[in-house]
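Residue numbers (the working numbering), protein chains in the order written: chain A, 3 to 539; chain B, 35 to 128; chain C, 843 to 1048; chain D, 9 to 322.
By construction, these hints were calculated from the structure, which means they are not laboratory data.
It cannot be assumed that every hint is accurate.
Stated by the list, open to error - Mimicking DSS-like on lysine-lysine, the simulated pairs with C-alpha atoms at most 30 Å apart in a straight line are:
(1) A:K22 to A:K347
(2) D:K247 to A:K59
(3) B:K100 to C:K930
(4) C:K929 to B:K100
(5) A:K347 to D:K296
(6) A:K117 to B:K100
(7) D:K69 to A:K196
(8) A:K199 to B:K100
(9) D:K101 to C:K958
(10) D:K56 to A:K67
(11) A:K59 to B:K101
(12) A:K425 to B:K100
(13) C:K958 to B:K97
Claimed, not checked - The calculated label-pair distances, taken between Cβ atoms and stated as ranges, are:
(14) A:L53 to C:L971: 50 to 56 Å
(15) D:T246 to A:I138: 23 to 29 Å
(16) D:K296 to C:I942: 42 to 48 Å
(17) D:K134 to C:L971: 18 to 24 Å
(18) D:A44 to A:I491: 33 to 39 Å
(19) B:R128 to A:I487: 32 to 38 Å
(20) B:R128 to D:H261: 41 to 47 Å
(21) D:T246 to A:K496: 20 to 26 Å
Yeah, the Cβ is synthetic: ideal placement off N, Cα and C, and Gly gets one too.
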Amino acid sequence: MQKENVANVANYLTYKGKHKGLLGWVLSTDHKRIGLLYLYSIMTMFSVGVLLGLAMKFELLAPGKTIMEAQTYNATFTVHGVIMIFMVVIPGLPAVFGNFLLPIMIGAKDVAFPKLNLLSWWLYVAGVFLVLSAVIFGKGAPDTGWTFYAPYSFKTGTNLLPAIFGAFILGFSSILTGLNFLVTIHRMRCPGMKWSKLPLFVWTLYGTAWIQLLATPVVGITLVLVALERMFGVGVFDPALGGDPILYQHLFWIYSHPAVYIMILPAMGAISEIIPTFSQKMIFGYKAIIASTMAIAFVGYLVWGHHMFTAGMSGTAQYYFSLLTFIVAIPSAIKVFNWISTMYKGSINVQTPLYWAVSFIFVFLIGGLSGLVLGSLAANVHLHDTAFVVAHFHYIVFGGTGFAFFAAAHYWFPKIYGRMYDKGWANAGWLIFFIGFLALYTPMFYLGIMGMPRRYYDYLDDFHGGNILSTFGSWIMVTGLVIIIINLIRSARKGPAAEINPWRGKTLEWTVSSPPSLENFDEIPVIAEDDGPYNYK
Amino acid sequence: MSEEKHHIVPYRVYVFVLLALLALTFASIGITSIELGEFTVAAALIFACVKTFLVLTYFMHLKYDKKYIVAMVIFVFAIFFAVIVITFLDYLYR
Amino acid sequence: MEQNAHGAHTHYDAEASKIGMWLFISTELLLFGGLFIVYSIYRYLNADAFHLAGEELNITIGAINTVLLLVSSMTIAMSTSTLQLKKKGATLGLLAVTIIIGLVFLVNKYFEWGTKFEHGIFPGSEHMLNEFSQGEILFFGLYFVMTGLHALHIIVGLIVILFAVVRIQKGTVHENRAALLENAGLYWHLVDLIWIFLFPLFYLIH
Amino acid sequence: MYSPEVTQASNFVQGVDTAFLVILGISFFFLIGLTAVMIYFIYRYNRKRNPVATQIHGSTKLEIIWTVVPFILTMVMFYYGWLGWKPMAKPPKDAMEVTVYGRMWNFSFEYENGKRTDTLYLPKDKPVKLNLVALDVLHSLYIPAFRVKQDMVPNKENNFMWFVPQRVGTYELYCAEYCGLQHSYMYSYVKVMEDSVFQSFIADTTKVVAADIDSPIATGKRVMQNIGCFACHSLDGTKLVGPSFKGIWGAEHTVVTGNETRKVTVDEEYIKQSIFDPNADVVEGFMKGLMVSYQGQLSEDDIANIIEYLKTVQ
Ligand code: HEA
Ligand code: HEA
Ligand code: CUA
Ligand SMILES: [Cu+2]
């Protein structure tokens, strides 16, 4: 990766430090290199997750056994869920683009604790290996679902402990990243970079970091309790010893609901950068978007019970959780309205990142609105634990976070690698991917309404049609994915040199060279009073 | 590094705080040993909260720190409190 | 707040590390917070059993440990003042006292757990399964998990303090670069804070 | 599915479907509206058509509008959801009670007169209250056509659901909470019949049992089918979750008792113990704790019949 450089000084990609070659990467404390380390490791895990997803869809192509046994299927969706949630979308945007861009966007040379940052990545890798070891060695891959519900999680004979400890370590990595970002945002902003001038992506990272910090330890301790229960028979959740399985669910969702906002907030932040840039227009309602970010982060902490409407909570808790679930949807709505208004009277430059951003809004709408359906007490009774939920969260987790991830990748790609990708292939990839996505997940809404429960290895003939369509969709989508990824990988090595500011963006990262130099800025920038992140004239 | 020169807390403050903490500890042992029924838990927790407050303000220097750190700490406790209350919404009304 | 960093890589920012530590403490609080939620729910569901089980614990040992931790909290807090006043000897002395107290605490804990084990009270024991009600099993399960986790934190705290001692000795931590000691102190106080709640919840309320 | 005439299968269908449709309607309005506006903007304010953007900072009035309007709409959604859900929590006093046992991986239903079935038989237009008992892990009883679902939590008191079946017919009944290997095979059917038919069914089958008494082997097999032994035990030598029953009688099996491994011969005593206290002797190579005791669910007679049947499985 060290041929003709765009900038004539050594940039962060070609820089040679104490260590050479690979070591120069895995021991680097440079936030940009760490960002790329995350990118590569997350993409690797993502590919594994995608393959497992495809395998599941293949199995569901027809009733009865298609390619695997029930035990394999159960392990597959568990590992798929664990990988996708804990290793892909939770670290996804913050650890990759947050790491890369946060310091540059606030005019700093690095994050507050660079060594801690590197440690976070190492922990991530350790967590990944632990979870994978559970799959490969021992008495078979865990088969509890990513939710590890008690008491099944201590009845199953599969190799659960490494997976649990792996998830715990991944959580720790996530906490440390969050801590690092919080301190960085508080302490390292360049002169003149007031809170009211922070780019929206930074604001969402700020909100996200708080959730990471305050929610993750709860699931950490919960998983430890499950592990202790398995190892020593400490009575905590085991109903045979007087424990309450519903309490386990409370603790699990106290983390895992806020976790869904860990996934989506940075995605929303990325969209809030892309839309103004490609509209060449100031973001509409900057303050409202910040307020909604913080509102989501805060209220999102208080609604976890909507995953448990049929678990047997008290009526009071049901009302409360349903009500707050609806309230937490409002800030998301505010964001959508502001994004769309930003396009009004803009000068819209239709490019690949904008395609991704606009399709993000579309699938996010579907995902979010189906979330409202699930938040309703009566409708949830029918739809809980059916394919409808699976459709909801694929639409929003991967339609939301996934699309935003690709939007961000295409938006910041020239900055990261100093090269431009092939736009024709990128657009084609997007289109195929988008069509495949709709075909893959839309039938699941229908299947759910018809009553097909989730986590079903086998199903009755009535559900066959929807499943066939869905499986075909998965093949189309993967075609798109392959095109996108090959295009990006090729362009990172051979693409034409990119300008410093190809999209005419206004945030600070577009003022530094592409790719950025080791220290980002030769001189720490100073933001003038009348300047700002979206100051288009 | 001029901001480093922060308030130096005199020793006697620490000694007083310790004495207060010890007194509170023994008071709470005392009060829980008499039969108060339902209020035992409340009493013990109130004493614990007062002790926490003392440790936070004096031992952990919150009194001399910038206001936003104080705000953060309050926020964290508030969130935790909210979570506990909400969890009890379920159990109290089962 | 508006004075910001220059030369990020070698920069020493005491306030940054202080916030960092506070944020870490917040995380730890919620880690224990999860356990406190479990405790309070089970206490609510099994009030009588918790009452009974609580009587098995020895208030005297608990009280001694409380006093120990409080005193050690004071000594470490004082050491931050002595460091500011450039009294290196006194600082080291106070830290030594803190470490010793911490060790004594652990020894106490060891014997306390030991007696419980001797009486057949430990997670998964036959004795508990046969003799105890479900509420009591929950109580002791939580007792071992929570005090055990707390003891783990004491050990970590001791290591951090030891680290600070070494650095003070070497002179790399001094009145102008006190962050490490202050953070060690904050961490130790966190350990104290948690005990402040564990003590009444397990030993006193019954 | 969502047409009212066809699906008034239970008294809750209306409430659930109304809540669903209200939200769906509002959702479609926003989805189509916002997407259309977005596409229009991209077309109308394209760089070619609109080379210079007009800078607009925002509008407090609009922000308030699009906070308040969604707020009101969500409260409407909440209201309908609540309305549809509220009656589910309050069973009528005179409801007929059926106890449902959920275990890995089958349901069994016990009626007020002690009769047990593996399919749920119900009279039309009569409220029923299902008392849910989970014997090992979480399960969830889900009848899509009735729009009801309730998790079955081990050791939970007052774990119930109720409804009034309103149409004669056969409906699927699923386990909706993941419960391990055969989760997707843990389904059964609800058969709703006219009250008169139901009454004679309930009374009638006691006679069937009596008629069967002379053939313990057949009775044993039926008992095992109803209570679901074959979810875990095969008859043809295939190893499922538990050991196969093929040739079990008189065979010598290696079991783990406590910490020691020993050999036992399968006799009446051993089979009985395996059913009432399965975890005392765990067959080597199988998991402890998966099979839970059938104490209280199978009588001594049932066991005797089962043993008779097992003798014949060669
Ligand atoms: C990125 C992750 C993410 C996000 C952002 C969300 C967002 C939301 N989710 Fe989702 N959810 C998941 C990931 C996510 N979810 C996952 C992974 C699960 C399953 C877990 C498992 O069991 O395995 C799940 C499950 C789940 C359930 C439980 C279902 C069940 O098991 O029974 C519920 C129930 O209330 C729910 C609701 C919501 C709601 C109301 C929102 C809201 O925040 C959505 C807000 C957005 C909008 C509403 C769209 C924008 C709105 C407009 C433009 C205007 C119109 C709006 C109004 C009129 C208000 N989700
Ligand atoms: C991010 C989360 C994510 C993603 C991307 C996916 C991707 C896929 N998922 Fe799923 N899935 C989950 C999260 C996710 N999944 C979870 C949490 C569960 C629940 C598990 C449980 O029940 O315990 C689940 C369950 C689940 C089931 C249900 C199992 C059941 O209930 O029986 C199925 C069924 O077919 C399925 C299919 C697929 C397929 C075919 C894909 C893919 O193979 C499709 C191909 C994907 C792409 C082509 C690209 C998407 C791009 C991105 C996400 C951006 C990349 C981002 C970064 C690198 C940061 N998944
Ligand atoms: Cu029982 Cu799933
Ligand atoms: Cu949620």
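State the violated hints by number, sorted upward, taking the hints as numbered earlier in the document.
-> 1, 5, 9, 10, 11, 12, 13, 14, 17, 19, 21
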